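S.K.: First to last, the sequence lines map onto chains A and B.
Per our numbering, residue 1 is the first one in the first sequence, and the count goes up by one each step.
Per our numbering, residue 1001 is the first one in the second sequence, and the count goes up by one each step.
It should be emphasised that the hints constitute simulated quantities derived from the structure, not laboratory data.
Just so we're clear, the structure is a prediction, and the values are computed from it rather than from any experiment.
C-beta atoms are modelled at their ideal positions from N, C-alpha and C, and glycine is treated no differently.
Any given hint could turn out to be false.
Unchecked claim - Derived DEER-like restraints, expressed as beta-carbon distance ranges:
id : chain 1 : residue 1 : chain 2 : residue 2 : range
1  : A       : M251      : B       : L1046     : 17 to 25 Å
2  : A       : K133      : B       : D1286     : 35 to 43 Å
3  : B       : K1186     : A       : H36       : 41 to 49 Å
What the hints assert, rightly or not - For lysine to any residue, the following SDA-like pairs were computed, each having C-alpha atoms within a straight-line distance of at most 20 Å:
id : chain 1 : residue 1 : chain 2 : residue 2
4  : A       : K303      : B       : K1059
5  : B       : K1583     : B       : P1570
6  : B       : K1016     : A       : L200
Unchecked claim - A short list of chain A residues far from chain B (calculated; beta carbon distances all over 10 Å):
id : residue
7  : P38
8  : L104
9  : T112
10 : S115
11 : E125
12 : D137
13 : R160
14 : I183
15 : G186
16 : G244
17 : E247
18 : E267
19 : E302
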Amino acid sequence: MSTSTPSPSGTRLSPHLRQLESESIGILREVVAEFHNPVMLYSIGKDSGVMLHLALKAFHPAKPPFPLLHIDTGWKFRAMIEHRDQICARYGVKLLVHTNPDGLARGINPITCGSQLHTQVMKTEALKQALDKWQFDAAFGGARRDEEKSRAKERIFSFRSAGHVWDPRNQRPELWNLYNTRISQGETIRVFPLSNWTELDIWQYTRAQNIPVVPLYFAAARPVIERDGQLIMRDDERMALKPGEREQVRMVRFRSLGCYPLSAAIESQAATIDEVIAEMLATRTSERSGRLIDTDEAASMEKKKRDGYF
Amino acid sequence: MTDTSDSAAAGAAERKELLRFLTCGSVDDGKSTLIGRLLYDTQLVLDDQLAALERDSRKHGTTGEDLDLALLVDGLQAEREQGITIDVAYRFFATPRRSFIVADTPGHEQYTRNMATGASNSQAAVILIDARKGVLTQTRRHSYICALLGIKHVVLAVNKIDLVDFSGERFHRIVADYLGFAEPLKLRSITSIPLSARFGDNVIRRSERTGWYEGPTLIEHLEALDVSEELAGKPLRFPVQWVNRPDLDFRGFAGTVASGVVRPGDRVVVAESGRESRVERIVTADGDLSEARAGDAVTLTLTDEVDVARGDVLAHADARPEVVDQFAADVLWMSEEPMLPGRSYLMRIGTRYVPARITSLKHKTDVNTLEHIAAKTLGLNEIGSCNLSTATPVAFDPYAENRATGAFVLIDRFTNATAGAGMISFGLRRATNIHRQALLVDKSARVRLNGHRPAILWFTGLSGSGKSTIANIVERELHALGAHTYMLDGDNVRHGLNRDLGFTDADRVENIRRVGEVAKLFVDAGAIVLCSFISPFRAERRMVRELVAAQEFIEVFVDTSLEECKRRDPKGLYARALEGKIKNFTGIDSPYEPPEEPEIVLGRSPLAPEEEARRVLEALKARQIIG
Ligand SMILES: Nc1nc2c(ncn2[C@@H]2O[C@H](COP(=O)(O)OP(=O)(O)OP(=O)(O)O)[C@@H](O)[C@H]2O)c(=O)[nH]1
Ligand SMILES: [Mg+2]
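With the rest of the complex left out, here is chain A:
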């Protein structure tokens, strides 16, 4: 493990990545210039890593003038929480953590309650609570348009009326880079600086800029169980084995990280970032196929977003 700061590697970036980097930095600055109380949603994954890295660049030599917010469902991989705390200490950024207290009290969990209810209560509701609690008027998210069909329709500055409602028909036309940042009392904006990045861009940039990521993205021998045709890593004792299930050690890694019972691992030998990129170029499945929450129902992403999901 090294503690080097990002290497001065602007020259190593392809013109394409440089363009993406500049565009994202412009978006980050725009929000800080126009909003009173912005926050950056930090989910610990590779996209969040790139987004935070861009924020460190955008405001240099100042620190990013906003805190990070982690919505903790209580079911993240332990390695993620460890990574989160190390990163915040390393860069000296302020971290806020929020967990939905009602959800905790009701014992909502992804295993017996189902992914839909768990996501609704512990992520979507929790996020709205946190935004209200700290009165944030703008929130950065690391979503990308290439993740999903309805995301491809999303604005960079996505408008939410009071109560955090997203109405796809009531979004502002977004011409040139002339973002309309005006909102009234109670309204908020979600901002997606990585809109135009693809999964491959994220990895190539992470490599070029030497950005730290959670080790779970790289293949290692890990104990997993097979459930409903997916490989799940039992990260702690709360996940009970069902009859016939047996823990076995396999070489696996994760393409996308979330709550551990909802994030399927893939079998892989890719233990370095170069191998991960090579594997991704050859793969025939999408990033989100390992997320158990998107297949809940048709058009589920659009529906979740209407409810206030990021």
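Please build the complex by placing chain B with the ligands on the supplied structure of chain A, with the hints as guidance.
M.R.: Positioned in the frame of chain A, the structure of chain B with the ligands alone reads:
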């Protein structure tokens, strides 16, 4: 945590350039299908997505047993149900030679603004035509909007060629037809390709069924297209986005170079103020740079402590942008609420927000014939040529010369909706060359002589609410106190100054604008001006308020209820309006927007007009307008 430092060993960074383009054209011409085809044939549709597409095609598909590739792109539920595109989708794909961002835009006329959105960031347009139908109104509209938004390269994709037996004759006829129309649009290149999005002919795979066609496939053409606009070769424009001031020792101006190149040591000016300095450093997190070019997001420091704020534009001293408060522009209207000349909007240009008005709508353009038509307003999706004026001068370049500094959007000041998009043609010489005459006797001199302060007393309320009656008594009392007064009354003004105006929304706005300007002159002369106007719209009252200093505008809301006004009906107008004999009558078939924070409210309790007038006078004393 794991550092990704094995990157040092990684292969050379990719050198690929990025091309942004859009697909547009008439409804159902196959735009979304074409993008689906591009994704599919460049292997970007993965197994799980393919499985989902098969399910979707069975449920929503328009192609019988086959995959409906449009469903890869039409991601909103409403789109899938109706089989149309509503909102822009941005999709990404790459070939070994280039990366692409493509905007799939809707063909429906109703969603034209979404098409314009996609065009604003594109370098090239693929305009689809259904080979069976040929050039349609939407083909023309979209071509015109593309040209207006500065797109120089068009691919004419004659699609569904499979449905016309791969007929070369048909293809050539459509192409000739289109070229005839597109002539005046001054596009730099038009490349016509016969293709079938559904079956893939000439998209990525060269088709054997169009043996008569010898040109490139769509992807070959897009890979080779030279769109370099050389923004870096243009004069330096650096709109200051954010002032970075972490401590007393550092003051940097963060922004993205809009055009040109900047280097340490360059002599620069703040375009708006003319103040000069030199670039000291170009700061980035990766170390200082020896130059920054168009598109680079950097932070500049200057050698002097000059006044620079967000919204200012830095330029080289010898190649400055124009700075004006009046200019001509093409405006595309994007709001359901029509554009009203005279109304105040918020303009966003570069990193600056500034109040702005359309001073005149010269004409709108018929997209079918490109003819100019006289008009008083612009409706949703209409395009017009306008003159605009801004509250303070702004720096700009003509859009044709610089897309980055010649574009603006107009924002509705109440809903905050993005209501219009504009492209500046030129500054108006009127504004550029007429410098204000400096006067020897100024307002404060007049105030000293008069012994009271000037103000606009703006009486607003329904017809018959008592505005004029109360205003008259107030004026009589002020006069008796020795104050200089003048009365501007709705009915009287309409006999003279505003004789040419009617009661449409547009005319009402212009009516108030003129009255506001006249009232401002009286305020400048030191007088207390009493204005009695129904003035039903907040936007216009706000416009007048902004013409004078904050303490000089006093909004008097005569809040007599509609029932009471109808009962009084002193001029018999309500009776006639209710019979439908008067159109656009406020309170009956035209709205009244009550003030949100009026300085004075009258009429809510049954007081005699003399009593109401006395309350106004007291308020004037409290505000130290009169002694
Ligand atoms: N035979 C044939 N059918 C096609 C071709 N391209 C598209 N279609 C069909 O035309 C219909 C409309 O296609 P879309 O791609 O949805 O059209 P669009 O231009 O995106 O429509 P809007 O976005 O709603 O304006 C679908 O049923 C397609 O399958 C083609 O090349 N040949
Ligand atoms: Mg479509």
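S.K.: Each of the hints needs a verdict: does it hold here or not?
M.R.: Each hint, compared with the structure:
1. A:M251 / B:L1046: 17 to 25 Å: 22 Å, holds
2. A:K133 / B:D1286: 35 to 43 Å: 36 Å, holds
3. B:K1186 / A:H36: 41 to 49 Å: At 45 Å between Cβs, range holds.
4. A:K303 / B:K1059: 19 Å, holds
5. B:K1583 / B:P1570: 18 Å, holds
6. B:K1016 / A:L200: 13 Å, holds
7. P38: Holds: least Cβ distance 12 Å, greater than 10 Å.
8. L104: The assertion about L104 of chain A holds, with a minimum of 28 Å to chain B.
9. T112: 26 Å, holds
10. S115: 17 Å, holds
11. E125: 23 Å, holds
12. D137: D137 of chain A is indeed farther than 10 Å from all Cβ atoms of chain B, at 13 Å.
13. R160: The assertion about R160 of chain A holds, with a minimum of 13 Å to chain B.
14. I183: 6 Å, violated
15. G186: Fine: 12 Å to the nearest Cβ keeps G186 of chain A off the interface.
16. G244: The claim stands: G244 of chain A keeps its Cβ more than 10 Å from every Cβ of chain B (closest is about 26 Å).
17. E247: Check passes; 24 Å lies beyond 10 Å.
18. E267: Holds, since 15 Å exceeds 10 Å.
19. E302: Non-interface label fails for E302 of chain A: nearest chain B Cβ at 6 Å, not farther than 10 Å.
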